[in-house]
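First to last, the sequence lines map onto chains D and A. The first sequence: position 191 = 191 (my numbering), numbered continuously. The second sequence: position 81 = 81 (my numbering), numbered continuously.
Hints are supplied without guarantee of correctness; some may be wrong.
[To be verified] Now the in silico label distances, taken between C-beta atoms and shown as ranges:
#1 79/A - 39/D: 38 to 44 Å
#2 63/A - 148/D: 42 to 48 Å
#3 148/D - 80/A: 41 to 47 Å
#4 203/D - 63/A: 44 to 50 Å
#5 54/D - 40/A: 26 to 32 Å
[Said to hold, decoys possible] With the C-beta cut set under 10 Å, the calculated list includes, among others, these residues of chain D facing chain A:
#6 7
#7 85
#8 93
#9 164
#10 168
Source of the hints: derived by calculation from the structure; they are not laboratory data. This one's a predicted model, so the numbers in the text were calculated from it and none came from an experiment. Beta carbons: idealized from backbone N, C-alpha and C, even for Gly.
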Amino acid sequence: MKIRVVESVLKADAAVATANRSRFDAAGVLAVNLMSAPGSGKTTLLQKTVAALGPERCAVLVGDLQTTRDAERLGAAGSAVTQINTGRGCHLSPVQVAAGLDTLSLAGVEYLFIENVGNMVCPAAHDLGEHRRAVLLSVPEGDDKVAKYPTLFQPADVILLTKVDLLGIVDFERSRVIDDLSRINTRAPLIECAPKTGAGMDRWLAWLAGERGAL
Amino acid sequence: MHEITIAMQVLAQVEALVEREHLVRIEELEIVCGAMRQVVPEALETAYAVVSAGTVAEGARVVVREEPLRARCRACGCEFSPGIDDFRCASCGQADVEFLAGDDIVLKTVVAEREEAAKDGIRS
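Using the sequences and the accompanying hints, generate a full structural model.
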């Protein structure tokens with residue numbers, strides 16, 4: 001016999017993501033999911049962000065397959081940090097985020113950053129309950145990533161072009177990124193920055209403050 | 001790689017259905033995957049075979065169908081069918097959409113054998 005089901009396979013995860021979002025809302029916390037390829041500078045961006053905002057206003061959940069190295073780097077900045085090791089998992093799940101939240105106190109926290117596993121495909125398909133999605137693209141990765149990974153860039157609320165201090169040193173055409181974004185995502189602002197030198201950080205911090213104010 | 005996670009979620013749905021409908025054998029699953037979900041059909045079939053091994057849902061044929069994108073432009077409200085590499089509105093040219101179709105994964109139908117039918121040796 002044929003049984004008609006018509007039920008979202010993602011509904012269990014969607015329910016957990018919704019519960020996560022309710023926890024963020026209740027705590028008055030802006031939750032930002034950061035996604036990119038490995039090595040694009042997510043952790044460095046967060047180190048500088050936490051230092052600029054004040055560590056007591058921030059908390060971080062950081063996902064990696066192995067090691068606690070990112071959590072150690074971020075912990076040194078003074079914020080509450082929990083490392084989530086996904087083992088063989090190529091992305092964070094809302095259930096892992098819920099478990100990570102259980103280890104953090106959100107009292108007094110205004111910004112929760114979720115540093116996803118470095119991967120340009122799978123994280124994009126999973127709502128963790130975040131309010132906003134930030135996608136990073138670094139200059140040394142090349143200028144063709146937006147066109148190659150449209151499903152990552154399409155739902156982004158903000159796009160950070162990082163390591164712009166390397167423009168002119170490595171081959172990278174800014175105009176190619178802007179042209180590709182005209183087809184993929186015209187909603188998200190493009191913030192050009194180099195967290196290592198501090199360039200562009202003011203725009204990123206202003207964007208964060210604006211989004212938190214809009215909650 | 002995320003096909004394993006999806007296969008585990010499908011299996012949980014199928015196991016709940018087995019319990020509710022008193023099924024003894026699952027023959028076929030039809031799964032509709034939205035284009036935005038980036039599911040590789042062969043990978044999902046293999047992943048399902050792996051996660052369902054040793055369960056009542058083992059051995060089912062998995063039929064994966066892709067659902068094309070359908071979107072509404074947030075800027076002008078126009079409805080259109082974007083490509084996966086071009087989300088520009090056909091009317092105003094902005095690439096700012098909300099999805100009406102192609103952004104979910106749905107277990108649509110299950111072909112199975114029920115307990116009584118198995119007892120009678122009849123495949124319903």
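Evaluation of the provided hints:
Separation of residue 79/A from residue 39/D is about 39 Å and conforms to the stated range, judged on CB atoms against 38 to 44 Å. Under the hint 42 to 48 Å, the C-beta atoms of residue 63/A and residue 148/D, about 29 Å apart, miss the expected range. Here the CB-CB span from residue 148/D to residue 80/A is close to 23 Å, at odds with the stated 41 to 47 Å. Taking 44 to 50 Å as the suggested C-beta distance range, the pair residue 203/D and residue 63/A conforms, at roughly 48 Å.
About 44 Å separates the C-beta atoms of residue 54/D and residue 40/A, a value inconsistent with the hinted range of 26 to 32 Å. Interface restraint check for residue 7/D: the shortest CB-CB distance to chain A comes to about 6 Å, inside 10 Å, so the restraint holds. At a threshold of 10 Å, the smallest CB-CB gap from residue 85/D to chain A is about 16 Å, leaving the interface hint violated. The beta carbon of residue 93/D comes within 7 Å of a beta carbon in chain A, closer than 10 Å, and the hint placing it at the interface holds.
A cut of 10 Å between beta carbons decides the hint on residue 164/D: the least distance to chain A is about 23 Å, and the hint is violated. For residue 168/D, the interface hint is violated, since its Cβ never comes within 10 Å of a Cβ in chain A; the closest pair sits about 29 Å apart.
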